[in-house]
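For the record, the sequence lines run as chains V and R.
Note that numbering that gives the first Met the number 0 gives residue 41 to position 42 of the first sequence, counting from 1, and the numbers run on in steps of one.
Note that numbering that gives the first Met the number 0 gives residue 0 to position 1 of the second sequence, counting from 1, and the numbers run on in steps of one.
Derived from the structure by calculation, the hints contain no laboratory data.
There's no promise every hint is true.
To be verified - One side of the interface only, derived from the structure: several residues of chain V facing chain R at Cβ under 7 Å:
hint	residue
1	Asn1
2	Ala2
3	Thr5
4	Phe15
5	Leu34
6	Ala37
7	Gly38
8	Ser43
9	Leu56
10	Arg64
11	Leu75
12	Arg86
13	Val109
14	Val110
15	Phe122
16	Phe130
From a predicted model like this one, the values you see are computed outputs, not experimental measurements.
Virtual Cβ for every residue (Gly too), placed ideally from N, Cα, C.
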Amino acid sequence: MNAKSTWVAFASGLLFGVGLIVSGMANPAKVLGFLDLAGQWDPSLTLVMGGAIAVGLLGFGWARRRTTTLFDHAPLQLPDNRRIDRRLILGSIAFGVGWGLAGICPGPAVVALVLAPGQAWPFVAAMLAGFWLYGRLARGGRG
Amino acid sequence: MTIDWASFTPWSALAGGALIGLAASLLALGAGRIAGISGIVGNLVGGTPARWQLAFVAGLLAAPVAWLLLADAPSFRLDAGPVLQIIAGLLVGIGTRYANGCTSGHGVCGLSRLSLRSLSAVLAFMGAGFVTVYLLRHALA
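Given the sequences, and given the hints that come with them, work out the whole structure.
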């Protein structure tokens, strides 16, 4: 991993964060407005995903035809796991319940730590604890 | 279902979404990696983070800092109290790691790669999110 990839990663994180703010994803109330199908439904987030995937289809379609990175020709390390198992589904359901309770997923949690630390710190601390706990459980349980 | 037209922000949603797609594409093409935030941040806690992961998170933190310096604070409303937040945070933290991804890794990157595995994850977490909000706001309220 050389300097170019590090700067690319920084720029990507920066763009990602700006995208979360511009789109409204960084606002928990707006996310819950999308998840509230039976109430006053705010469809904005379908367009966030739509916009992201429209651009992503081009970017990842291009990446699929390459084996190395654009600027420094390091190997591409994109996933090839296709397994649909209990781990994937139960983990996603747990995540979805947590997402519905607070309106925050991992990206917006990082952004919220800057935007509203006084309000969002319990969520962020618990999420980090969850990541850490997983590391302990997975290492103990699965070797 | 009634659509909340007053809250609907189609242009900023599309523009912000396009930026997110651009960010994920840039990381894939330029660093050969998936912009999966639960995996990246998860590895920062109790893992051995790689340089690109530290740089990505630095960028993700720099975005709101720069925004607050250059523009008005974006709207942010979090209604969940501390106890609910802690339950939610634990579920999000553990769940996304077990599922190997969240809204960014499975949602944005996985769907862009046309991965059936990611589509299954997205349907599961979106479904669970819809049901949770329904229970909280309508069935149990």
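To see whether the hints hold, each was checked on the structure:
no.: 1; hint: Asn1; result: violated, 9 Å
no.: 2; hint: Ala2; result: violated, 9 Å
no.: 3; hint: Thr5; result: holds, 5 Å
no.: 4; hint: Phe15; result: holds, 4 Å
no.: 5; hint: Leu34; result: holds, 4 Å
no.: 6; hint: Ala37; result: holds, 5 Å
no.: 7; hint: Gly38; result: holds, 6 Å
no.: 8; hint: Ser43; result: holds, 4 Å
no.: 9; hint: Leu56; result: holds, 5 Å
no.: 10; hint: Arg64; result: violated, 11 Å
no.: 11; hint: Leu75; result: holds, 4 Å
no.: 12; hint: Arg86; result: holds, 5 Å
no.: 13; hint: Val109; result: holds, 5 Å
no.: 14; hint: Val110; result: holds, 5 Å
no.: 15; hint: Phe122; result: holds, 4 Å
no.: 16; hint: Phe130; result: holds, 4 Å
Going through the hint list in order, the structure does not satisfy hints 1, 2 and 10.
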